[in-house]
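Chemist: So you can see what is in the structure, the chains are spelled out below.
There are 4 protein chains.
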Amino acid sequence: MQKVEVFQETSSDSLSLRVYEIGKKIGPTVYIQSSLHGAELQGTAVIHELILRLKSIEVSGTIRLAPAANPRSINQLSGPFTQGRFSPVTGDNWNRIFWDLANPAQKNNGGLDLKSFVSNHLNSDFLCIQKAYKNLIKEILKNKLCSEYGVSESKALAYTLQGLAADADYVLDLHTGSKAVRYLYVPIHCRESAKAFFMPCNLLVPLEFGNAFDEASFMPWVHLTNTFKEAGRNIPLQFESYTVELGSEETISLHDAKVDAERILNWLGSKGIIKYETPYSFPTPMACHLKDYKSYFAPSGGLMDFCVEPGDTINKGQILGNLLKLDKIGTDSAIVPIQSNAYGILVSRASSSNCHSGSEVFLVMENPEPL
Amino acid sequence: MQKVEVFQETSSDSLSLRVYEIGKKIGPTVYIQSSLHGAELQGTAVIHELILRLKSIEVSGTIRLAPAANPRSINQLSGPFTQGRFSPVTGDNWNRIFWDLANPAQKNNGGLDLKSFVSNHLNSDFLCIQKAYKNLIKEILKNKLCSEYGVSESKALAYTLQGLAADADYVLDLHTGSKAVRYLYVPIHCRESAKAFFMPCNLLVPLEFGNAFDEASFMPWVHLTNTFKEAGRNIPLQFESYTVELGSEETISLHDAKVDAERILNWLGSKGIIKYETPYSFPTPMACHLKDYKSYFAPSGGLMDFCVEPGDTINKGQILGNLLKLDKIGTDSAIVPIQSNAYGILVSRASSSNCHSGSEVFLVMENPEPL
Amino acid sequence: MQKVEVFQETSSDSLSLRVYEIGKKIGPTVYIQSSLHGAELQGTAVIHELILRLKSIEVSGTIRLAPAANPRSINQLSGPFTQGRFSPVTGDNWNRIFWDLANPAQKNNGGLDLKSFVSNHLNSDFLCIQKAYKNLIKEILKNKLCSEYGVSESKALAYTLQGLAADADYVLDLHTGSKAVRYLYVPIHCRESAKAFFMPCNLLVPLEFGNAFDEASFMPWVHLTNTFKEAGRNIPLQFESYTVELGSEETISLHDAKVDAERILNWLGSKGIIKYETPYSFPTPMACHLKDYKSYFAPSGGLMDFCVEPGDTINKGQILGNLLKLDKIGTDSAIVPIQSNAYGILVSRASSSNCHSGSEVFLVMENPEPL
Amino acid sequence: MQKVEVFQETSSDSLSLRVYEIGKKIGPTVYIQSSLHGAELQGTAVIHELILRLKSIEVSGTIRLAPAANPRSINQLSGPFTQGRFSPVTGDNWNRIFWDLANPAQKNNGGLDLKSFVSNHLNSDFLCIQKAYKNLIKEILKNKLCSEYGVSESKALAYTLQGLAADADYVLDLHTGSKAVRYLYVPIHCRESAKAFFMPCNLLVPLEFGNAFDEASFMPWVHLTNTFKEAGRNIPLQFESYTVELGSEETISLHDAKVDAERILNWLGSKGIIKYETPYSFPTPMACHLKDYKSYFAPSGGLMDFCVEPGDTINKGQILGNLLKLDKIGTDSAIVPIQSNAYGILVSRASSSNCHSGSEVFLVMENPEPL
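Chains A, B, C and D, in that order, give the protein sequences. Per my numbering, the very first residue in the first sequence carries number 1; after that it's consecutive. Per my numbering, the very first residue in the second sequence carries number 1; after that it's consecutive. Per my numbering, the very first residue in the third sequence carries number 1; after that it's consecutive. Per my numbering, the very first residue in the fourth sequence carries number 1; after that it's consecutive.
Since the hints were made in silico from the structure, they are not lab data. Be aware that a few hints might be false.
Identical copies look the same in the list; a pair holds intra-copy or inter-copy alike.
Restricting the straight-line Cα-Cα distance to at most 25 Å, the calculated cross-link-like pairs of lysine-lysine (DSS-like) are [to be verified]:
{"#": "1", "residue 1": "Lys144", "residue 2": "Lys294"}
{"#": "2", "residue 1": "Lys3", "residue 2": "Lys229"}
{"#": "3", "residue 1": "Lys195", "residue 2": "Lys229"}
{"#": "4", "residue 1": "Lys294", "residue 2": "Lys142"}
{"#": "5", "residue 1": "Lys131", "residue 2": "Lys258"}
{"#": "6", "residue 1": "Lys3", "residue 2": "Lys291"}
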């Protein structure tokens with residue numbers, strides 16, 4: 001276990017990551033982190049379980065694990081819950097702080113000079129390209145941490161975590177939803193690979209950058225593939241990264257962690273990093289494209305009585321919840337039903353019944369199909 | 001429905017209470033409020049249900065209901081939850097802001113001159129004393145709202161709510177626990193009366209002041225009884241007030257609200273305010289004295305896997321939860337069991353698995369006995 | 001004065017904007033809003049002053065003013081200050097919520113179909129194009145507020161404010177810095193016009209979108225100009241929008257508001273919207289390009305003793321502040337000086353001495369030149 | 001320097017106090033702590049200065065110093081400021097968490113058995129009583145930290161800090177106001193001693209318990225004196241504790257820290273703990289009784305333009321501030337003047353112009369007289 005200092009408190013105490021490495025240096029590298037959002041705890045229990053399990057399994061490659069990847073956030077209690085989604089200082093969503101370092105527009109901002117790299121490696125073999133590219137990414141991130149102007153708290157975390165994943169071939173970022181089913185963000189080129197997780201719900205995402213960790217992990221390889229293509233050479237897009245949503249926030253279950261570990265071990269097995277096939281049987285994974293993943297927002301303030309649970313199939317017109325309007329208390333018009341606009345699967349609902357107008361209350365996979 | 005302005009925002013918008021009154025002016029007065037702590041929502045659903053039910057029941061007296069009794073707090077969303085236990089400005093716990101107005105030490109602070117009152121009413125009949133005393137309380141609270149120095153936000157709420165309850169004979173303050181069973185705070189002289197609520201757990205509290213609303217409601221009558229006694233006359237302590245804990249915070253269930261309303265209607269029936277006896281059957285209520293209501297605090301930081309649920313009977317030595325310590329991830333010593341110190345009933349547990357050292361994690365009724 | 005409801009609270013109370021309109025319907029439209037960030041108060045005092053002043057000045061056009069443009073945020077007190085920079089629910093920075101509605105990529109998201117618009121108006125006269133374009137923008141924003149899925153709190157505010165500015169030719173968004181001098185964000189094509197504000201510091205920004213209100217205001221006109229150009233016609237970029245930074249957060253000064261109003265009235269005069277020239281004399285405005293506007297971040301945790309004040313000229317190597325490190329208390333090495341990397345002007349410094357590693361502490365205009 | 005662990009984070013990282021001790025073990029003990037409220041920073045700079053100064057001064061006794069006495073709180077940044085007055089988890093005001101351990105009512109709660117102590121030491125000499133009593137206090141606090149139910153976060157801090165002061169004869173708790181002058185809370189029996197601080201404002205407080213650290217420090221000695229008196233023996237009340245308010249929150253000045261250190265060194269000199277007399281000259285200290293220390297609260301929401309500064313003498317009827325009401329913007333009735341009710345000295349004003357109805361805006365010493 002290695003400690004990596006990320007933050008320093010006013011009191012001069014430091015907050016560090018603990019990073020664990022399993023396996024041998026030959027073969028692919030898998031990077032798994034959890035609790036980037038400090039209220040999303042289950043992944044940390046799952047990493048504990050994975051390390052225990054991997055003690056008796058041979059690993060062909062390296063598995064690097066960073067539980068509690070954001071000590072600032074997991075330590076940030078507020079009332080009975082965790083202030084975990086965004087920095088209490090800047091409001092930065094901890095999973096929108098990452099850097100598209102190989103984007104040509106970032107070249108003057110300390111980013112990667114992709115054109116030079118490609119022209120230098122136009123005829124290199126692919127393994128050599130991979131290795132050189134990983135080293136370049138690592139170096140660029142290290143440089144950003146040494147600015148003479150200092151580095152903001154968010155960026156210090158971003159560069160550190162991207163650095164830990166710099167040499168990875170596979171990245172798993174373990175999160176949770178609000179009150180949610182297990183689900184997975186699947187980059188569109190990983191649709192086939194994703195089946196090995198047996199996640200009940202799967203969101204197919206385009207290869208675009210939206211500042212999240214999974215995207216910041218795959219984008220350098222997308223840019224690389226594209227730039228080689230422009231230069232006339234086709235190289236494969238072999239990199240995979242997933243955001244893995246392990247149920248509901250603010251809670252852990254060691255029992256469920258065993259099941260969650262099965263999914264991940266099975267996927268590691270499917271990739272040949274370990275020899276493993278889960279004995280568990282899981283229902284058919286369902287999927288939809290990100291554009292069909294719809295949020296419902298409360299039409300007015302009030303208190304929501306939820307009528308459906310995560311994982312439920314919902315029909316068009318079905319009542320998802322009844323909103324109790326406080327200016328109509330004691331009358332029949334106090335109850336405003338929230339109806340479904342389309343057939344789908346409820347992936348997640350709000351953690352609290354307490355709604356402002358515009359509070360996000362339901363997240364639904366429309367047009368679901370088998371993964 | 002009457003609107004009572006309590007707060008004015010920076011934007012000049014006002015935040016008001018809605019107060020409903022049912023019944024006729026003859027007979028006793030019941031005051032019921034909910035959601036003083038803004039995250040404790042179920043009572044507001046219960047008041048909605050009560051008003052609907054009372055439309056077809058004759059009321060011998062007055063039932064005054066104030067749902068969402070603290071609009072500042074219920075509107076205060078923070079992340080996916082409600083910042084509801086204390087003022088975000090001052091930290092004042094919204095149920096520790098109230099005033100022991102008849103305490104002799106408060107006389108120079110605008111409080112009630114109890115000695116004068118008693119000597120003036122030494123030979124009055126009890127009904128006349130009650131009426132005069134209620135009027136005096138109301139007047140004193142009204143005066144406090146008109147200070148030439150202004151009134152703090154917390155005190156403005158305190159005086160307003162105490163004013164709404166000033167003429168009451170019975171007070172119900174509807175709250176919830178964290179993840180909790182239904183339970184009741186029962187002033188010791190109300191032990192017999194409390195049975196009609198059929199609450200599974202009951203905490204017997206001494207007649208002392210700790211700044212809470214139930215206490216601020218009964219203390220003037222305790223002081224009155226004591227002062228009359230010192231003056232040589234025994235008058236009855238006929239006042240009752242309860243803090244009613246309706247399950248878990250951050251959630252409403254309209255279905256459960258029907259059951260909760262049954263409890264309250266049955267109690268109103270037992271008091272003769274309505275003619276009603278619940279057709280529901282409930283298990284035997286259990287009780288303990290407040291000194292036997294014990295909190296467990298996390299011995300270190302970590303993530304708690306809860307092993308017992310509210311309402312469970314627990315034995316001495318039983319594991320209540322397993323704390324996953326993040327500096328021991330992947331080792332057997334990562335799991336620290338939290339064991340029960342004594343036989344009891346779990347009333348409530350923390351809402352989140354996320355623990356600092358010293359986080360309150362379990363609340364247990366020790367030495368339970370039938371109510 | 002018109003009230004525009006934006007938010008509805010849990011309690012069913014609504015939070016509304018107050019919008020004031022001065023002038024006649026002929027001529028250009030100016031839209032001025034303040035306190036989008038709820039802690040940035042001075043602009044609201046300035047709008048008060050402007051309305052008073054404009055009572056005795058003839059306006060050739062329309063001046064629409066929205067003080068306290070974000071009632072959610074200005075009402076959000078937290079401790080002794082305002083939780084004003086971002087939504088306490090989502091973390092959304094209130095000035096990064098806006099929509100680049102004419103960006104071609106937004107067409108499938110309800111955005112403007114710019115290609116159709118341009119081909120329909122290829123030969124229209126410019127005034128007619130302006131009018132039709134403003135109407136189209138207004139309509140698109142109105143549609144977005146009527147989604148069958150509801151609208152998130154942030155988006156509801158964004159669409160409402162962009163709607164209020166939809167028909168504007170000039171937009172001023174009044175903000176403040178932390179502890180800051182008066183300064184201005186100047187879109188590069190407005191460099192000449194900006195001189196009439198006489199702001200001591202001016203940041204020249206490229207015509208790009210970064211989700212802020214000033215950018216969301218000018219981008220439709222930038223897209224329009226570009227698309228016409230692609231279609232072979234040159235139309236002028238006549239639209240102007242500025243973010244106006246009026247000193248320090250958390251404070252108002254009615255006295256300073258008179259001076260701030262002079263700057264704005266003088267600029268309105270320079271545009272011909274009013275007949276006015278300020279009698280005040282101001283020092284020479286200085287400017288730099290946005291790329292030369294540099295942030296310093298604390299290199300470690302500690303307490304900062306600030307050695308320079310906003311507006312100060314600073315030399316390379318000058319000590320900007322001394323950071324007291326709490327693990328070195330009582331020793332000479334407790335004081336870590338923070339030195340300037342280059343010659344410049346201090347625009348702003350942190351509001352608090354309390355620093356984590358990575359706290360933003362100084363904002364400096366490097367390579368300053370006369371505007 | 002000794003590190004004392006107080007808190008453990010979820011991440012298993014600990015937050016510790018640093019405690020410094022200067023002097024020899026013979027003679028009286030002085031305990032000085034700072035930044036119990038995490039936003040009140042100047043005291044920590046002053047302790048840094050004191051330690052530097054005391055390196056060249058001989059100390060007759062022990063001076064124990066705990067800068068940053070509440071690492072949880074000083075590290076708790078929120079937006080651009082410190083969430084410093086109360087626990088973000090429980091709302092507990094960090095200076096209202098302390099324990100009146102010698103109060104007879106606390107005997108069954110693990111408190112001190114004062115009657116036994118007094119009867120055991122009825123004829124002991126005073127030095128022996130002092131020593132035995134200090135040891136008993138220390139032991140009782142140590143026991144409370146070892147409860148089998150765990151200890152809440154607030155109580156863990158309270159018992160630790162009270163333990164550090166358990167053997168002290170003098171206690172200084174360094175705080176700051178909002179925007180404030182230097183001022184001192186003076187227990188009534190220390191009025192004469194307090195003069196040596198030369199603080200411009202002094203609040204004379206009765207010997208009563210209100211849960212603050214200065215009170216929790218002196219109350220055991222008050223109880224001891226009283227109980228001896230009841231047992232027929234007069235012992236002196238030789239203990240002194242002060243809350244020292246060093247200007248405004250959220251800021252440090254190393255320059256001002258030198259002046260603040262002079263005040264404290266001069267007082268230490270007056271007590272004979274060091275040989276020192278300040279060469280500085282200070283204006284005459286003024287004082288009032290706590291009952292004459294008055295708070296003004298905003299009569300409505302709005303933005304306050306402050307018209308007086310801390311330290312200003314104010315006359316009855318003088319305008320302290322003008323409140324800009326946002327529903328009256330652009331009209332003459334928008335400005336509501338806040339007038340003084342009496343002659344006095346402004347000790348402190350709110351840190352922000354942003355007011356809800358009931359926000360505390362001015363703190364005034366009425367009936368001021370020379371200390």
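Chemist: For each hint given before, does the structure comply? Return the numbers of the non-compliant ones in rising order.
Modeler: Violated: hints 2, 3, 5, 6.
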